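Asks: This is what each chain is made of:
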Amino acid sequence: QQQVKQSPQSLIVQKGGISIINCAYENTAFDYFPWYQQFPGKGPALLIAIRPDVSEKKEGRFTISFNKSAKQFSLHIMDSQPGDSATYFCAASSAGGFKTIFGAGTRLFVKA
Amino acid sequence: DGGITQSPKYLFRKEGQNVTLSCEQNLNHDAMYWYRQDPGQGLRLIYYSQIVNDFQKGDIAEGYSVSREKKESFPLTVTSAQKNPTAFYLCASRRGAGVYGYTFGSGTRLTVV
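Keeping their order, the protein sequence lines are chains A and L. 27 is the number that the numbering used here gives to position 27 of the first sequence; each next residue is one higher, with no gaps. 29 is the number that the numbering used here gives to position 29 of the second sequence; each next residue is one higher, with no gaps.
These are computed hints drawn from the structure, not numbers from a lab. Keep in mind that the hints are not guaranteed to be accurate.
Said to hold, decoys possible - Listed below are several chain L residues computed to face chain A (Cβ distance under 8 Å; list not exhaustive):
no.: 1; residue: Gly16
no.: 2; residue: Asn18
no.: 3; residue: Leu45
no.: 4; residue: Tyr48
no.: 5; residue: Ala61
no.: 6; residue: Gly63
no.: 7; residue: Leu90
no.: 8; residue: Gly101
no.: 9; residue: Tyr102
no.: 10; residue: Phe104
no.: 11; residue: Ser106
All values reported here derive from a predicted model rather than from experimental measurement. Just so it is clear, CB atoms sit at the ideal spot from N, CA and C, and this is done for glycine as well.
Pulled out of the complex, with its shape left as it was, chain L reads as follows (with noise of 0.2 Å):
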């Protein structure tokens, strides 16, 4: 079955330590996203990709970075400049522009320690 896999669930992380969030999509869709949810929140774009080698910042990409080597895969990177990095965090693809769905992740949930 298609889909797309973020990993892992749950990460812990001591303040000043960058860290890498996984997602893998097997829907050969060209887009790719990253979002920031916090508690009882709505979505915050933080990067996302129309195809491969190329990105562009999203409403709050300041403290993260993303890399599109693969069409299959979007990991991020939430680095030390991140002030507040505790949140769920979650991958999406959509298979094109404007008028398809996305297929979310199931999230990680990140805490700094």
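Only chain A is shown next, with the shape it has when bound in the complex (with noise of 0.2 Å):
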């Protein structure tokens, strides 16, 4: 139940492509979904995130789509870049909750 299932595992994409990442959950008591971005040898960074009252949330090139009767959500990178290469990690989190959920990590390698 505090399961965040996260595919795929590594991903290549070309270069103005677009990046898929798909992430589960089963706890329906979550109502939080934010993206990081990690590069080599650093800390995640908060990318972008969506509460369950919308459906899809757009920043820049990223967006999040999120479906709460199928609980699940993804994120879509559009024109995808040599520099968004890098491990990407869906997570999810309740209102009243301190611990976040961390989903495995998808590797993407974005080829120039």
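Starting from the two chains in their separate frames, assemble the complex, guided by the hints.
Replies: Structure follows, in structure tokens:
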């Protein structure tokens, strides 16, 4: 119930293409779903986040799509660039909780 | 600029030694966290603290200890009881419960030699 399942484990995309990373959760008490981007040797950085009262949130080339009934959410990176090559983590937490559950991460490589 | 400072960036420890990793934040965040990351792996929660002088065990607390004497500081001690301490350690903070994202430090890479 506390797991967040993330796929794929790794992803190779051509420059200019769309990168799609998917996550699924089981605990319906979760109501905050952030995505983090991590470059090698650095700490993760908050990229974008969504609450379940909306189905989509867009910030620049990054979009979260959220399907509450299916308990799934995904990150879309449009016009992917080599500089987007990093590890991406989805996560989930609940309003009253202090713990965040992280997915296992997706290593994205964008080919020039 | 506000942020989280972790030190040192690299740390080498001999077998049987305790070492302490520093984490300081100037974001005025209430909650602080320690995560462990192994190569190619996700983040595993070691300890977290919601307020000063209070902390809770995470999923992999064995062999680790923490203190929270000041709001700004949350040091992690890796004890000799931790059987496989070589890893990348990340400290994070958050304003409060639930619907806020984490701010992470830049990490400490600990190697046992």
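Asks: Each hint needs a verdict: does it hold in this structure or not?
Replies: Consistency of the hints with the structure:
1. Hint on glycine 16(L) is violated. Least Cβ distance to chain A is approximately 28 Å, over the 8 Å limit.
2. With its C-beta approaching chain A no nearer than about 24 Å, asparagine 18(L) sits outside the 8 Å limit, and its interface hint is violated.
3. With a cut of 8 Å, the hint placing leucine 45(L) at the interface with chain A holds, because the nearest CB-to-CB distance is about 7 Å.
4. At about 6 Å, the closest approach between the beta carbon of tyrosine 48(L) and any beta carbon in chain A falls short of 8 Å, and the interface hint on this residue holds.
5. Residue-level restraint check for alanine 61(L) is violated (minimum Cβ-Cβ distance to chain A is 13 Å; threshold 8 Å).
6. Proximity of glycine 63(L) to chain A is violated relative to the hint, the smallest CB-CB distance being about 20 Å (cut-off 8 Å).
7. Contact between leucine 90(L) and chain A, as hinted, is supported at the beta carbon level, the nearest pair being about 5 Å apart and thus within 8 Å.
8. For glycine 101(L), the interface hint holds, since its Cβ comes within 8 Å of a Cβ in chain A; the closest pair sits about 4 Å apart.
9. Taking 8 Å as the C-beta cut-off, the interface hint given for tyrosine 102(L) holds, the closest approach to chain A being about 7 Å.
10. At about 3 Å, the closest approach between the beta carbon of phenylalanine 104(L) and any beta carbon in chain A falls short of 8 Å, and the interface hint on this residue holds.
11. Of the supplied interface hints, the one on serine 106(L) holds, with its beta-carbon coming within about 5 Å of a beta-carbon of chain A, less than 8 Å.
Hints 1, 2, 5 and 6, counting from the list given before, are not met by this structure.
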